[in-house]
Each structure stands twice: as C-alpha cells, then as structure tokens.
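Knowing the structure of chain A, use the given hints to seat chain B on it.
Those sequence lines, one after another, are chains A and B. Just so we're aligned: 143 in our numbering is position 143 of the first sequence, and the numbers increase by one with no gaps anywhere. Just so we're aligned: 765 in our numbering is position 152 of the second sequence, and the numbers increase by one with no gaps anywhere.
You can trust all of the hints, since none of them are fake.
Not everything, but these chain A residues come out facing chain B in the computed CB check (under 7 Å):
(1) A55
(2) V59
(3) R141
(4) M152
(5) T186
(6) N217
(7) F534
Note that these hints are calculated values from the structure, not bench results. Please read these numbers as outputs of a predicted model, since none were measured by experiment. No residue lacks a Cβ here, since even glycine has one placed at the ideal position from N, Cα and C.
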Amino acid sequence: MTKPPPSAADGGIFAATTRLPLPATRPLAVYAFDPSRGRRLGNTMTVDVAYEPLAPGPVGERFAVVDYDGTQNTYYTPVNLELPAILMRGGLAPSEVDPRFHQQMVYAVASETLERFQTALGRRVHWRRPSAPDGTDIDDRPNRLYLHPHAMAQANAFYSADAHAILFGYFKASADDAGHNLPGQTVFTCLSHDIIAHETTHAIVDGIREHLMEPTNIDVAAFHEAFADLAALFRHFAHSETLLDTLQKTGGKLHALTLKTKVAGEIVDPEKKAQIQADTIEANPLLALATQFGEASAMHGGLRSALGSPPTPDDIKTKTEPHDRGSVLVAAVFDAYFTVYLRKTEPLFKLWKPAGDGDDLPAPLAELLAEAASKTAETFFTLCARALDYCPPVDLTFGDFLRALITADLDFYPNDTDGVRDAIMQSFRLRGILPDDARYFSEASLCWPELRPGALPVPRLRFGDPNGLTSAEKDFDGAILRAWAQKKATLLGFDPAFAIKAESFHPMFRVDQNGKLLTDMIVELVQTREIPRFPGSADPATLTMHSGVTLIVARPPQLLGRRAQPYVRFAIAKHYSPEREQRQRHAFVANSTERSGPASRFGINFALLHAGD
Amino acid sequence: MPAATRPIRIRMYRVGFGDFFLMSVPVGASEYAHILVDCGVHAKPVAGAMDAALAQMHADTGGRLALVIMTHRHADHISGFASGRAVFATMTVEQVWMSWFENPADKQAQGVQKSLVATAARLTAALAAAGRADDQHAMMAENITGQFDVAAGTSSNDIALGVLRGFKTAAGAKTPVAYFSAGQTAKLPPVLVDAGLAADILGPPTDLALVAQMDNKPHQYLAADGGDDGAPLPPFAPAFATDGFKWQGKGPPVYAAADVVAHIKANQPDVLAAAAQSADNAMNNQSLVVLFTFHGKTLLFSGDAQWGNWANLLFGGAFGSPGHTTLTSGAAAMLAKLDFYKVGHHGSTNATPIDVVNMLNEGCTAMCSTAIGAYGHEDQHTEVPRVPLLAALDARTHGRLARSDQVAAGKVAADPDAGTLPAGIFTADAHGFIDYLV
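Chain A on its own, in the form it takes in the complex (with noise of 0.2 Å):
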C-alpha cells in the first residue's frame, strides 16, 4: 500500500478522507424499570448515550462512577465500557449479580436524565460547585457528579450536595411481604430507572438554582420530590413498547390505574380472587413510580402514583410530609397531562367505536395514540424544566411554579392550541394549588407581570452561544451585573443596604414559532441577611435568609443594521417581608428534627427524606 503524497495545492487544511467518524452515541443495556419485572415486555431497554470516551468506572466528562461499599469496606471492579467485548453487544447485559452492569446502568440513566434536561432547557446544565473539605469551593477540577452505585446497605438512595454525589443504597426485601421480589432477597436501589432519574433530578435542580433547596416554607421539600417525581414519570411515556402495551390494555385511556388482564378473551373481573398468574391485576406501569422498592420495603406496590385519589382542596391544607404534599402537585400536572392528551386524541376515538368493552385497539389506531401520548408527555416534560427558569430565586412555593408555568408556556407558545395552559389552571385550580398574589385565576393574572420592551435595560451584556459562555465572558457579564443590580437595587426591591450576589447567570437559546432564533439571559440575583433566631431576647442566635429576583433579560433582534441594549422582560422576585421572616423561622422549626453527619448547608437533608421512602 502506498500513502498518498502530502498535497501541497491545498496546504494540508482538509481532513483526512480516511478518518472515522466518532459515533454520536453509546447504546447501552439498561433496565426500562427495575429487576422485579422480570423478562416481562420491554423491561430491558437500549439507552443510547451521548458519546464520550471513558475511562473505567466509567468516568467521563460529567459523571464520575466510583463503586465504594462503605458498608462492606470494599470497592468493586470498575466497569469499562471501551472494551470490545463490551462495546461489541451494546454493553452489559441486564443482571443483578454482576456490579459492572449496575455501574453501567447508573451511568447510562444518569446521563439520559441530564440531556432530557439539557435539551429541553436549550442549554448545558452545571453542577453545583463542589467544595473541598474545608468548605472552599473547588474551581479548578473538572466537575464531575459522583455516583455510588453501592454506597450503604440501606433502603436509601439520595442526592448530596456535601458529598457531591449521589449514594445508592441496597437492602433485603421485607421477608414477609416482599411482592414480586423473593423474600429477603437483595434489592438495589441503583437498578431501578426511577430512582436514578429522581435523584439525578435533585442534582440537576440544586446545580441549577443555589438557594431553591433551602427549605424556607411548607412547599420546598414538596417542589423538589414533585419535580424529581414529574421527571421520572414523563420518561415512562418515552418507552413506546411499554406504552403500546398499556394502551391496549386500557382501551386508549392511558390514566387506568389497573390494567385489564384478558384470558380467552374475556376481561377479567377485578372483584373475583385470580386463580392463575393470567388472572392477576396489574398496576399501570406508567403511573407506578419505582415498583421494586415498593413492594420489597412491604407497601404494597410502586413507590407513589401519579394520580390515585380525585382532586380535592383539602389536600393542599393537610398534607404536610414531603412526599404526601408533593404527590399533590404531581397529580394536578398529570391531570393536566391526560386532559390534553385525551383532547387531543378525541378525534381518533371518535373515528373508532368499539363493539364492546373487549374489542382490542386496532394497531394503526394505537400507534397514533401512542405517538399522541409520547408527544403530549415530551411537551409537558419540556414545560416543567423550562418553568425552573421562571422561578424566583428562593422560597419557592406551589403557587409560584404555577405562575412559572403558565409564564413559561405563554412564552414559548404564545397560542395556546392544544390548550395546555388551559387544563393546568384547571387541575391546579381543583387542587387548591393558588398563587398568594394573583387576583383572579385567570391567565393574564397568573402570569408573571411582563416589563416593556426597552425599558429596563442592562447594557453591554454579553450572550455567548448555546454551549455556553467562555471564561472571560463570564467574568465580564458577572462584573457588569453586579454593578447593575446595584445600581437599580431600589428599582428591582432590593434593600439598597445590603450586596446584591448575582449567583448564576445563562443564555438560553430558543426558536419561536415563527422559526426566528430567540436569545436571553436568566439571571439569579440574590441579597442575604441573617434574621435573629429567637427575636424579642438577647440570644445572638441567627438564620440567613435570602431574598431575591430572576431576571429574564433579552437580546433584541438587529433591526436595520443595528441592535438594541439588552433589556429585562420579567423581574420575577421574592423580596423580604416580615412575613416571610416568620414563615422562615417557623419553617426551621417545623424541620428541626435532629440532622446526623455534617449539617453544614442549610438545606434539605435528601439523605433523611428519602430513607425508607
């Protein structure tokens, strides 16, 4: 073979013709569920990741995989996922007893729920800023999220800011009633896709917004687990053999919470005992949040449901724990989800008339409902993550992620024509959920106030592009905001006396519906003071308190050759008032409850929240 010669015409400035491709992504082996479904349909999927080269763990560019027991005292062999053998079959099969596949599984699933997030936000999501053990922020490492696969022989998996990690526990499964799991039998927390995906969840959000996960009301806690909860349920929809399966068994109406079981063709009624496996009434699948965990810790069943009891206002004013309270948001978004995808759907049921309740979906007519409900479930996915922009800044409450939402949708889709905006003040609006402020429950009113065009203006900031912005951008946007915020402390409600942080500032990239590319910024700022623990005495006892504003700033379009100061068009805020200095003392005591290893954050002890959740 001869090499071909060194082309001096063209100065060596084209690629090689002989090179490869990299590949776009890496599929691998994961559990579409969790183990205890066993070989039943679709419960081993293909994730296809991103591509990156990686090391054994695997390590890559935003994960780290580090399997330490820390209660067996021992690591486990790494897997690593370059080698051909591996490579080969799409990597390692599903399996309970070999760690390698269960490193490859948090990874795969962790880095699926990042660019479900990445790609709906238009933009790269960071993590929080580690910090080393001596409480300084570590800037000059790449920063990697940590998973333990096998942290702690613990019904436990959470999310951590101090360690930076996310530890995964396992444990036996109750020996009495252990559901579809053997008696005693091991159960990984790191197996199932629910529990990756809402604690990934918890990572994204904290790296997201500094002051969100300070649990200064009743609903912060709540948010979080029905934010990771909404994340994890839409992900099911995306799983279309799982979804054509539902949808046959539940007659196109995807909100069942049982699935009809047919035997000879004939439905099985729910009231008589089953006699044979055929028999046995399901739970629907894509409703049913971590079903392993469920039953091995004896609760009979998934971990939460997306929807299981009518709406009522009561709720809102009772439910207090964390997982409770959130479970009423969680259903008041799915309420909102199924009306629009039954609305939607209305046309193809009318087409269809079944001759009676056993008739089967026609295959056509199920692949366009599946399409329906997959679509309708990316929409609201989309909509929940890009709401977080439109958040204040700190104390966030129920009623303010609804005025997001509604100012989120608007924003992005100014018609609402499949009437999602529609169905989610309805759903809300039959939960209790209602924002302090608004005056009416009506669109207009839910929405956060816009400001007009030009007339707050933040000049010379800079955009960057949609993979972010480069250090020196960085600095120079961070000086000029600061220096603003400043300036116009007493315009944006700021106590003038204190410092205003601007704590985290990204474009965001986005066409409209006239195909026209949109650029804004979001901007986090944020002034602290400490309040006095116990006011009236002469303890020097102290909490810190944040107040704050979001600022979503605009880049005009050039218009004749020249382009406008950047300017604000919503200043979402949430500034101090005595009564939120009440309802934040309140708030620590309400969550006083002993904290075990290092408290040094004022935030949600995730590790306690979820133990036996």
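Structure of chain B alone, referenced to chain A:
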C-alpha cells in the same frame, strides 16, 4: 363572674426530667379540689424524689383527686402511676382525661398507638444490637414503651395505663375516663364547675398529618435498616471486590480517594436516630392541651405538644398551607391574656413556638419541669432545656419563670446552673416542690 376569694395553687414537684403538677382549686370557704396533671419521670431522675413527691401529693390531697389528666403516655409523664401504684391504690379519683389517641373505641387511634409502641420496641432492640443502648435515642424509645418491669412481667407504661384506667371514685364506682380532641369543651366534675372552673381542649388535632407523619413512617425507617435480620450479607461474589479505585479520567478527580470514602461514610443517614426522633415527636404531639378558665384567669397546660399540635392551635391547620399563615384571632387573644403557662416539653426548642413567646401576656407566669443534660446537644442547638428559649420566656414574662431544678429535692440540692428561683412570685419553703398562686 365574681372574683374568687382565694387563688388556685399550682404545685410543681421536682422529680427530674418529667412532669408532675398538682392544681388545687379553692371550693367553699376553706376546702380545695385537686387536679393532677401528669406524674412521671424518665431521664435524669432525682434520687428518691418521686417517692417523696408521691407521699407529699397524697398528703396535699388527702387522698382525693377530682380529676387526673394524662397529657400523653410518655414515661416521663406517667411513670409515677406505675412506681407509685401502692400510693394511688389508696386514692379516689372522680374523672380521668386522656387524648383521643387513647380511646379504646377508636380503631385508628389504637392502630397508631400499637404501631408506635411496636416501633419503639424494635428501635430499642436495634439500638442495643448496635451497641447504643445508652444513647439518648434509646432513651426516647424507652420513653414510649416504659421500662420493663420484671416483677410485673410487663412494661411500666402498661402498668401506669392500667392504674389510670382502674381508679375508683369516692363513691366507690369505677372512675370514668373521657377522651378529647381539639375544639371540645370538657365537662368537669361538679365540684370544680361549682367552684367556677371551666376547661377548653385546644389539642391534639384529629388530623394525623398534623400530629406527625406517623402513619407508618417510623416502621419504614426500621425496614430500611435491615430490621431484625441483622447485618446484610455482601451483595456480590468476592471476586468482584478490589482494593482501590485507579482514577483514569481526563483531568484530576474532584476529590482524592480518601475524601470520597470519607464522604460516603459521613453522609450515611443515622436512620435509628431519625426513627427515634420521629416517634418521639409523634408521641409528644398527641398531648392533650387544656385551657382552664377560673374567675377571669386563664391557665394553659400544653403537655409536650410540638409543632404540628401547636400549628393547629395557633394557625387552625398546617402552618403555611392556604388559609393557615397567620395566627388566628382566637389564639392571639388567648395568649395575650394568659395568666399561667406550663412550659411544653421541659423547655425544648420545638415545643414553644416563637409566636407563643412573642404574643404571650407580659404578666404571665410560667413553670417548667426540666433537668439539664438529659437530651440534645448544645452545639446543635437542640439541648433541653433550650437556653435561649427559656431566656426569651423569662424576658417576655419579666422574670416570672420558674424551673423545677431551682429547688432541692430528694437527696439533691437545687441545680446551680438552673439559676435561682425568682423571689416574691413563687414559694419553695419545703423540700421538693415549687408553688405558685394564680
């Protein structure tokens, strides 16, 4: 209503970390009718003090009680009924009050109690297995079950509950036991009604979510720990275990290997501690909260009510939920004219909300039964009694706060760290108790 010629006397017996209060209501020209509010000690008992206090109480009452109130069934509120059962056997009681959680006819209540006691028993075993039988979480668990009484073959709490349910009236009939929840007006024995006393029940709420997230949560914490099956086996074949982790990622790791191991170990939640704490809170929140009114004076006995119970009392529901964000006018008015307050839960930080301190009548008098060093840690701001809270109460009431450990009892002198009993308000002439005249 005409002003009473003679005041009510509140007598707080010092027994250690536990409540033992006697309220003596003047009837007729020179007589008294007596109400016993709790009788127990658990952590940090003062040696010999309980027996002495029981004898004193018997003498104080002449063996006749108009009413016995059990706020909740923690050992530090009821153990005296078990250890002093011989004394109580010689006494008569006209009525017994308990919270709705003790109602044998209420299936839900019975389920809650059964689950709490079972949880506490398992916790005791699990903590003992972990070599932690002496830590404060083991004390919390034992406070729920009571100590095991070898001679009686049952727990001291069960004996105490038996005593409370087995009293006889002066007329020789079986003493009726009444069960109450927030919002009810209790019917007092006629002798007290005639004296001008009335009682409103302000807690506990009937909403379980407010009392605690107690449905089956503590049980789950235990399932989480492997329960009674002991330590879990290694999850994988030995061949998968290795000595270390060779970092080959691009660029340095965020943490050195030793820091990663330290993080994993440091962040393991202490589920046993959390379960004990949660069960303890749930039981405290069952406290019967009683507001007495006597010729224009008001007296509040809040048991060990904690946040959920108080939230219902102060805000009419779960604080922060729609419609329950500000103090109800009723609660504000009640606090603004209160004359006597029995400080909840031995002065712990979560048993007297800040609103209560700030809204309290500045002329109010407060009494707190407590002992230093039984629970909590000063560095975590969880010590009981919580120093700043008592300081705030003392400031608000202009020094009208008494602590049980400010008087000598049994073989123990007054605790110098507790400060001195405010002069001129309370009397502590005798050994073992402090009096206040309302």
